[in-house]
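Peer 1: Okay, here's what each chain looks like letter by letter:
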Amino acid sequence: MARYVVRRILYAVPILLGVVLITFFLFYIVISPQQMARRQLGKNPTDEQVHQWLHQRGYDKPVVLQFKDHVVDLFLFRFGNSDVTNEPIWKRIKEGGPVSAQLSLLLLIGGLIGSISVSLFVAYYRGTYIDYWGMFLCVLMMSIVYIVWVVAGQYLLGKILKYSPLVGYREGWTSWHFLMLPVVIGILQGLGSSVRFYRTVMLDEMNLDYVRTARAKGVSEVAILFKHVLKNAMTPILTSTVSIIPQLILGNLVLESFFGIPGLGGITVDAVNSQDFATVRAITFLGAVLYIAGLILTDVSYALFDPRVRLE
Amino acid sequence: MAAFFQSDLFINSIPILLAVGFVWALVQAGRQPLWAEAYRRLRRNPMAIGAIVIIGLYASVGFLDSLGRFDARDGRRHTIIDRLFEARYHGQRERTYSAPMATMTTGEPTPHELLFPHQHLMGTDGVGDDVVYLTLKGCRTALIVGVVTQLIVTPLALFFGLSAGYFGKRVDDAIQYFYTVLDSIPGILLLIALLLVMGRGLPQICIALGITSWVGLCRLARGETLKHREREYVRAARALGVSHWRILFRHILPNLLPIVIISTTLGISGQMLTESILSFLQIGVEPGTGSWGNMVDAARLELAREPVVWWNLAAAATALFILVLAFNILGDALRDAIDPRLRSS
Chain L
2 MARYVVRRIL YAVPILLGVV LITFFLFYIV ISPQQMARRQ LGKNPTDEQV HQWLHQRGYD
62 KPVVLQFKDH VVDLFLFRFG NSDVTNEPIW KRIKEGGPVS AQLSLLLLIG GLIGSISVSL
122 FVAYYRGTYI DYWGMFLCVL MMSIVYIVWV VAGQYLLGKI LKYSPLVGYR EGWTSWHFLM
182 LPVVIGILQG LGSSVRFYRT VMLDEMNLDY VRTARAKGVS EVAILFKHVL KNAMTPILTS
242 TVSIIPQLIL GNLVLESFFG IPGLGGITVD AVNSQDFATV RAITFLGAVL YIAGLILTDV
302 SYALFDPRVR LE
Chain D
4 MAAFFQSDLF INSIPILLAV GFVWALVQAG RQPLWAEAYR RLRRNPMAIG AIVIIGLYAS
64 VGFLDSLGRF DARDGRRHTI IDRLFEARYH GQRERTYSAP MATMTTGEPT PHELLFPHQH
124 LMGTDGVGDD VVYLTLKGCR TALIVGVVTQ LIVTPLALFF GLSAGYFGKR VDDAIQYFYT
184 VLDSIPGILL LIALLLVMGR GLPQICIALG ITSWVGLCRL ARGETLKHRE REYVRAARAL
244 GVSHWRILFR HILPNLLPIV IISTTLGISG QMLTESILSF LQIGVEPGTG SWGNMVDAAR
304 LELAREPVVW WNLAAAATAL FILVLAFNIL GDALRDAIDP RLRSS
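Just so you know, the sequences run in chain order L and D. Residues in the first sequence are numbered from 2 upward in steps of one, following the numbering used here. Residues in the second sequence are numbered from 4 upward in steps of one, following the numbering used here.
Honestly, the hints are just simulated from the structure, not real lab data. Please note that the accuracy of each hint is not assured.
Only part of the chain D face toward chain L is listed, based on derived beta-carbon distances under 10 Å [unchecked claim]:
#	residue
1	T183
2	D186
3	L243
4	V245
5	W248
6	L306
Label-pair restraints from in silico Cβ distances [stated by the list, open to error]:
#	chain 1	residue 1	chain 2	residue 2	range
7	D	V26	L	N82	52 to 62 Å
8	D	T106	L	F137	37 to 47 Å
9	L	L66	D	L243	53 to 63 Å
10	L	I32	D	G129	52 to 62 Å
11	D	R203	L	Q35	12 to 22 Å
12	L	Q57	D	V23	50 to 60 Å
13	D	L243	L	A102	53 to 63 Å
14	L	Y5	D	L60	53 to 63 Å
C-beta atoms are modelled at their ideal positions from N, C-alpha and C, and glycine is treated no differently.
Produce the complete structure using the sequences and hints provided.
Peer 2: Printed below as a string of structure tokens:
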């Protein structure tokens with residue numbers, strides 16, 4: 002097991018190297034530090050100012066040297082200082098990380114529970130009007146713009162029902178108060194597409210022989226669904242969960258900045274608005290690392306839970 | 004030469020050529036038995052017909068909004084849609100917000116009488132523009148974002164996917180490595196990074212969305228090509244000495260067309276939804292261009308007003324919702340019509 006995990010992590014190294022290359026290409030070649038400085042310094046900066054800006058951030062070194070620094074720094078997670086506020090980027094990530102993790106975890110777990118139970122329900126009534134209209138509702142939900150979900154949710158739950166505070170965040174136990182609304186909205190938003198997908202997975206399972214055998218033995222339909230089908234459907238569902246992780250980051254971006262939650266998403270949006278290239282670079286790399294870590298975790302959890310998967 | 008690319012003749016000929024090409028492709032496809040069968044099945048599906056009609060309406064608005072003439076008097080290009088609304092409102096704007104069909108403005112300390120009472124079907128926005136007009140202007144942008152992006156995505160994905168699957172070995176390794184790396188950066192972050200670096204604008208958005216969304220189709224195409232590579236018809240072609248590229252694009256590609264068309268149709272709606280998120284992040288289309296994303300984003304800030312200014316948001320969100328829904332329904336219907344095997348039981 003340990004060997005497998007180690008090998009899996011080693012496989013990730015060339016991929017991370019690729020990510021570093023892409024970020025270098027984007028942030029040093031496509032847009033030169035010169036251009037960054039000019040955009041950052043506002044209208045018509047003097048050459049003196051530009052040079053000083055470049056020098057302070059080490060952008061005036063030869064390209065090869067910059068590339069070396071870029072690779073080494075990112076691999077050691079030395080993100081340096083923000084281009085705008087000169088604060089260390091790590092400090093902001095450390096502040097925002099836990100908050101974002103809390104929100105993402107709630108979204109992930111809530112989303113999984115919500116969509117699996119709805120899809121089980123729909124799969125149980127397959128072929129009936131409930132199924133048909135349920136699927137139609139899913140397509141409707143998939144077609145709604147993210148921001149409309151946010152606005153409508155805020156309006157309904159916050160303004161009319163006075164259920165939770167509209168925006169803001171507080172540390173500690175009362176944080177759920179502030180997280181509830183974004184989490185509910187995030188879950189509802191993703192429900193349509195995931196229910197559609199999970200239903201297909203479950204119906205595929207239901208056509209297999211073992212389900213017919215179970216039925217022949219007289220196992221009730223509910224027990225078949227919850228015991229047999231659900232267990233087997235978990236593999237594709239887990240795989241698709243990994244692909245949700247980037248979407249969680251996307252959801253976080255919008256949700257966090259809209260609800261004023263001081264997480265990583267909020268930092269990213271701020272950085273985009275203030276053209277803070279160093280921070281965006283750091284967050285992009287960090288996002289890739291997290292995603293790859295998620296992939297490794299899924300593979301390992303397959304190996305742990307599914308006896309059919311062997312660790313070669 | 005540069006003058007030619009800016010001339011009305013050139014700019015107007017692009018949408019006409021695109022429309023003619025699209026219709027021609029549809030007619031040509033209808034002559035082939037596989038697609039004729041698909042058409043027949045589509046026609047029997049009322050939902051699909053509805054979706055096609057709606058997309059057609061949006062497309063014709065976008066088409067009319069692409070044809071126009073440069074006016075030297077104000078240095079702007081006026082499209083047919085612009086002209087229609089200029090004729091109706093005599094080229095004038097209201098003072099500020101007004102509710103649908105209202106007679107007075109809202110959002111001012113002292114409401115003023117409107118220039119055109121009872122004539123703004125969906126009210127006016129902050130600078131007094133008619134909301135229906137703005138919504139119609141958004142059609143073109145949304146369709147460009149959806150369609151042009153897919154025109155970048157599909158060839159890119161097919162080229163890499165087909166070559167990876169067909170040639171195997173080093174080519175496959177290189178392409179797989181390339182897309183794994185690209186895919187391991189969460190899409191939205193890559194999109195943000197790309198747009199931050201390239202700057203705002205419609206072409207930039209299409210390119211950035213194209214770069215971030217071709218991997219899925221590429222994987223699919225690679226997998227399918229792997230399956231087809233060893234089939235008899237490919238072996239026969241190879242034995243007859245047909246060149247590799249000809250085998251790929253004349254023999255294998257037609258077999259992949261069903262999944263390509265379905266994923267393209269569904270992709271369009273995804274791109275249009277993403278565009279609205281980009282507007283929210285302030286890296287969407289430039290403010291001057293009509294876009295539903297920008298409208299929703301601008302309206303979002305107005306909801307705190309009392310009385311609530313909802314019509315702006317409602318118009319843009321509904322327009323986008325209906326178009327995306329139509330594409331989603333059409334995608335599903337196409338899946339059922341073209342390839343019943345893919346049907347999600």
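Peer 1: Now, for every hint given, state plainly whether the structure supports it.
Peer 2: Going through the hints against the structure:
1. For T183 of chain D, the interface hint holds, the least distance from its beta-carbon to any beta-carbon of chain L being 6 Å, beneath 10 Å.
2. A least Cβ separation of about 9 Å between D186 of chain D and chain L falls short of the 10 Å threshold, and the interface hint therefore holds.
3. Residue-level restraint check for L243 of chain D is violated (minimum Cβ-Cβ distance to chain L is 39 Å; threshold 10 Å).
4. The restraint placing V245 of chain D at the interface with chain L is violated, with a minimum CB-CB distance near 35 Å, outside the 10 Å limit.
5. Given the 10 Å rule on beta carbons, the hint for W248 of chain D is violated: about 28 Å separates it from the nearest Cβ of chain L.
6. Hint status for L306 of chain D: holds, given a least beta-carbon distance of 6 Å to chain L, under 10 Å.
7. For the pair V26 of chain D and N82 of chain L, the supplied restraint of 52 to 62 Å holds, since their beta-carbon distance comes to about 57 Å.
8. Checking the proposed 37 to 47 Å range against T106 of chain D and F137 of chain L shows it holds: the Cβ atoms sit about 40 Å from each other.
9. Separated by about 56 Å at the C-beta atoms, L66 of chain L and L243 of chain D satisfy the suggested range of 53 to 63 Å.
10. A C-beta distance of roughly 33 Å is found between I32 of chain L and G129 of chain D, which places it outside the suggested range of 52 to 62 Å.
11. In this structure the hint that R203 of chain D and Q35 of chain L lie 12 to 22 Å apart at CB holds, the actual value being about 20 Å.
12. Checked against the hint of 50 to 60 Å, the C-beta distance between Q57 of chain L and V23 of chain D comes to roughly 56 Å, which is consistent with it.
13. The supplied range of 53 to 63 Å is met by L243 of chain D and A102 of chain L, whose beta-carbon atoms lie about 59 Å from each other.
14. Y5 of chain L and L60 of chain D have their C-beta atoms about 56 Å apart, which keeps the hinted 53 to 63 Å range intact.
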